[in-house]
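Using the sequences and the hints, build the whole thing.
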Amino acid sequence: MGRKRGKRAARKVGFWRRWSGLLWKLALVGLVLLAALTIYLDAVVQEKFSGKRWAVPAKVFARPLELYAGQKLSRDDFITELSALGYRSVNSISQPGQMSAASGRVDVYTRGFQSFEGSEPAQRISVRFNGQQVSGLSGSGDLVMARLEPLMIGGIYPAHNEDRILVRLDQAPAYLVEALVAVEDREYFQHFGVSPKGIARAAYVNLVAGGVVQGGSTLTQQLVKNFYLNSDRSLIRKGTEAIMAVLLELHYSKEEILEAYLNEVFLGQDGRRAVHGFGLASQYYFAQPLHELELHQVALLVGMVKGPSLYNPRRQPERVKKRRDLVIQMLEEQGVITSEQAQAAIERPLDVTVRGSMADTSYPAFMDLIKRQLREDYKDEDLTSEGLRIFTSFDPLLQLKAEKAVETAFKRLGERAGSEMEAAMVVTGAQTGEVLALVGGRNPRFSGFNRALDAARPIGSLVKPAVFLTALEQPQRYSLITPVDDSPITLPAERGKTWSPQNYSRESHGLVPLHEALSRSYNQATVRLGVDIGVDKVLNTVERMGVRHRWPAYPAMLLGSGAMTPLQVTDMYQTLASGGFNTPLRAIRHVLTADGEQLRRYPFEIEQRFDSATIYLMQEGLSRVMAEGTGRSAYNQIPSSIRLAGKTGTTNDLRDSWFAGFSDDLLAVSWLGRDDNGQTRLTGATGALQVWSAFMAQAHPRSLSEVPPEGIVYAWVDRLTGEGSDPSCPDTVQAPFREGYQPLPGPGCRPLIDTEPVKEGAGRVMDVIRGWLQ
Amino acid sequence: MDTKRIGLLVGCMMVLAGCAGSGGSIPVVDSGRPVSNEDMQSGAGIPTQTPAPAQQPEDSGVVVLVPDGEGGSSAIESYPLDSAPVSSQPSGSAPTSSGSGSGNLQDDEQLDGPVLALLTSARQQESSGDLNSASASLERALRIAPREPQVLYRLAQVRLDQGDAAQAEQLARRGLSYAAGRPALQAGLWGLVADARERQGDAEGAAQARQRAKVSL
Chain L
1 MGRKRGKRAA RKVGFWRRWS GLLWKLALVG LVLLAALTIY LDAVVQEKFS
51 GKRWAVPAKV FARPLELYAG QKLSRDDFIT ELSALGYRSV NSISQPGQMS
101 AASGRVDVYT RGFQSFEGSE PAQRISVRFN GQQVSGLSGS GDLVMARLEP
151 LMIGGIYPAH NEDRILVRLD QAPAYLVEAL VAVEDREYFQ HFGVSPKGIA
201 RAAYVNLVAG GVVQGGSTLT QQLVKNFYLN SDRSLIRKGT EAIMAVLLEL
251 HYSKEEILEA YLNEVFLGQD GRRAVHGFGL ASQYYFAQPL HELELHQVAL
301 LVGMVKGPSL YNPRRQPERV KKRRDLVIQM LEEQGVITSE QAQAAIERPL
351 DVTVRGSMAD TSYPAFMDLI KRQLREDYKD EDLTSEGLRI FTSFDPLLQL
401 KAEKAVETAF KRLGERAGSE MEAAMVVTGA QTGEVLALVG GRNPRFSGFN
451 RALDAARPIG SLVKPAVFLT ALEQPQRYSL ITPVDDSPIT LPAERGKTWS
501 PQNYSRESHG LVPLHEALSR SYNQATVRLG VDIGVDKVLN TVERMGVRHR
551 WPAYPAMLLG SGAMTPLQVT DMYQTLASGG FNTPLRAIRH VLTADGEQLR
601 RYPFEIEQRF DSATIYLMQE GLSRVMAEGT GRSAYNQIPS SIRLAGKTGT
651 TNDLRDSWFA GFSDDLLAVS WLGRDDNGQT RLTGATGALQ VWSAFMAQAH
701 PRSLSEVPPE GIVYAWVDRL TGEGSDPSCP DTVQAPFREG YQPLPGPGCR
751 PLIDTEPVKE GAGRVMDVIR GWLQ
Chain X
1 MDTKRIGLLV GCMMVLAGCA GSGGSIPVVD SGRPVSNEDM QSGAGIPTQT
51 PAPAQQPEDS GVVVLVPDGE GGSSAIESYP LDSAPVSSQP SGSAPTSSGS
101 GSGNLQDDEQ LDGPVLALLT SARQQESSGD LNSASASLER ALRIAPREPQ
151 VLYRLAQVRL DQGDAAQAEQ LARRGLSYAA GRPALQAGLW GLVADARERQ
201 GDAEGAAQAR QRAKVSL
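Just so you know, the sequences run in chain order L and X. If you read the first sequence in my numbering, its first letter stands for residue 1, the second for the next number, and so on. If you read the second sequence in my numbering, its first letter stands for residue 1, the second for the next number, and so on.
Bear in mind the hints are in silico, worked out from the structure with no lab data behind them. For glycine and all other residues, C-beta sits at the position ideal for the given N, C-alpha and C. You may find that some hints are simply not true.
[Stated by the list, open to error] Computed list of chain X residues with no C-beta within reach of chain L, every gap over 10 Å:
{"no.": "1", "residue": "A117"}
{"no.": "2", "residue": "R123"}
{"no.": "3", "residue": "S127"}
{"no.": "4", "residue": "G129"}
{"no.": "5", "residue": "E139"}
{"no.": "6", "residue": "A180"}
{"no.": "7", "residue": "E198"}
{"no.": "8", "residue": "Q200"}
{"no.": "9", "residue": "G205"}
{"no.": "10", "residue": "A206"}
{"no.": "11", "residue": "R210"}
{"no.": "12", "residue": "Q211"}
{"no.": "13", "residue": "K214"}
[Stated by the list, open to error] If we take Cβ atoms under 8 Å as the criterion, some of the chain X residues that face chain L in the derived model are:
{"no.": "14", "residue": "P114"}
{"no.": "15", "residue": "S128"}
{"no.": "16", "residue": "S133"}
{"no.": "17", "residue": "Q170"}
{"no.": "18", "residue": "Q208"}
Written as structure tokens, this is what we have:
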């Protein structure tokens, strides 16, 4: 046998001699090429893995809900907020993210968060309610106040729309790693990047099944594929993938690779946004932070890795349930969990939220405003990749109420609304100038034309406060009770025409007190007043109130033929609501970097434009609009004890229906109209005021302050004539005046007490005074 | 917590001692005027006739805002309000002045739990040099009590320290619009307006504001 072989070998020697040299050379070249490729791939692997691994879109948050005794917040609203934040209802709270609601009391274990001015701890608190108020707060120690973490309301996505929330491995909930390894790569902790055993098993399974049913890819290979390579299935790519997987394992620990995997894996599609990583998936499907997830939720997500669209829990609940239970069983088989745990988990429902509560499409109007403000200060690239955290003033509870108000009003209007009618609404903090809610159209989910920001329409009578404010700034000429003339007036208009404004009722009212001309929105009195003080002055007042316009100084401007957007109207009325201080409307409070560092503040800035005393008179006038004028139907929905101020606006031929008004804490502007500027057949009172009132009725506004500022005095006046009077007279009311310009008191009408001795005394005093004068 | 309580207690004792020693008034550098505890109490917006539950003084620490001459803010005392000496001035004139101020106050103007807590943390952030956080805390307080001139006063001070004199003046003026009937606060706010105007190079305006500060007292 030895010989035989020897002979054969001898025969072949020549062959081998001829070819082996070449083969050796070829092999050498191949080896060199492979080494070069490896070195190149090594550089690729390290470069991308060591730097910033992902472009993380900026995340936008609502305001954190403040909790303290006296806070205006109902139990139901509190639970709404907690539910939106993904808090789970339990009998007794034991870990963050849980709540337990009783009547009049809600216990909650808050999650804690990093805010601009410091960190808010996770803690157990018990919140007691009394009607619309928090009546008490208790927790560990002397708990004075606490905050819930802010709701995420959207993100700023780059063109490829890949979104993720980065998590660290130590934030992974129990069983996540075990389940992932059990399902996707059992030898993960043993292999060196590729798993021959796994490939063999996969090959066998596929052979038996007669097709590709199982991949032999390790977690590392999957990561390499998604992270570095495109998804074609060529053999060369497979080879590259294997080399890179080995290189990755060479340079980085199993834990680091696993962490990257957790953040890279694709887990669903939300419209144009791709949901990557378990961190975001947890929020997207459960509205909870990842580390809070329980076994059955973890199993669901792990099961989805195989095919996120195939196993979409919102679309294919039954298929997903099967897959999830399979994962749970695998964990049981491998002894990771007991059979009791497995059984309990299998009995749980999917627990998936109805829709992505932080989907980009939830609050398109407000997000639009945020994006516009951000783009003034940041490059697009920073917004879409740096993982910035944007904290805003958005109040989801008020937003819900604003949206409901629009919906309710449209229902009430029924036929009259028609299909063409549109709506917009802006809600701000009356004192702070912060935008709290924004409705950009009748369908608040539709992101398209943002009417709150972009629909510039004639504002009609909403301009009138500027006319009356200009008058009241001249206390020597005008007070709230100064008679003004509501009688027909004809003014020259452009190109030789004339202009004769009419009242809405087509009637004139003669001499009326100034406040009545405002509260009843008399056009003729307003035009006369405006012409008296000067149209240019009135238009300047509009600018001082906060709205830059280029309106020509035509008298028609006095009745609001100039156009504004709802946001601009809000700016204008903000100055009235906050005592004469103009505040640029703000929606962003501050920006933190991904690491929680303070990046930028958008501080509260004010500028006094009007004297507080004059504004106080203006507020009094506007509160009469609500009490006895065109706005009074608001009190059909709002308790009459709440003092409010506001103004209706109606434009020519009933095209636009406006209302702007405020309480002590809230300012809201509503608009109804058509995009084609057609007729709505609604006045400000029958249309926009109904939306406004429906909103305010739910928002429980705080009554306007009646504490007068310095420079205001009250005097008794006759309600009918407006002349100085005395409390003893009938039809006498107290009215505020600028100090020094109040009417002299009138004579008393009947003795309140036995006044003889007083009169005697007074007589003596008068004698003395006369003595001085003489 | 314990150290805080001890601090409050010590502060309380110091105030007590100070009052006992100097005849009931704390000397304040601004314009060389003395500010009495009475004025502070009216400034805090709490009626003096509040019954004094002396057994729980640690819950009622009050930050009293007293401007100092540098426009800084070091002269702030913490003391449990209810146990503070009410007798530092002969009673008679004080209750009427504080009564007229606080009698008209709305609920949100009472300086209580959350606002007080935020003023305290703003103070801590400020003393550690973190003006941004201090400002954020004060704005948070302002959202809770938008009409509380003491918050506006503190925010104006922080703005001044941040180098934004124009906003400091505006915030102080806003504080003034809510400070009717609270002379000590008015004086302090006018003092701030004066400082802010000085920083903006408006010497004449500053002098006028200083005059108003004196009149307010």
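These are the hints, each one checked on the structure:
no., hint, verdict
1, A117, "violated (5 Å)"
2, R123, "holds (13 Å)"
3, S127, "holds (14 Å)"
4, G129, "holds (13 Å)"
5, E139, "violated (5 Å)"
6, A180, "violated (5 Å)"
7, E198, "holds (19 Å)"
8, Q200, "holds (14 Å)"
9, G205, "holds (13 Å)"
10, A206, "holds (17 Å)"
11, R210, "holds (18 Å)"
12, Q211, "holds (16 Å)"
13, K214, "holds (16 Å)"
14, P114, "holds (4 Å)"
15, S128, "violated (11 Å)"
16, S133, "holds (4 Å)"
17, Q170, "holds (5 Å)"
18, Q208, "violated (15 Å)"
Hint check: violations occur at hints 1, 5, 6, 15, 18; the rest are consistent with the structure.
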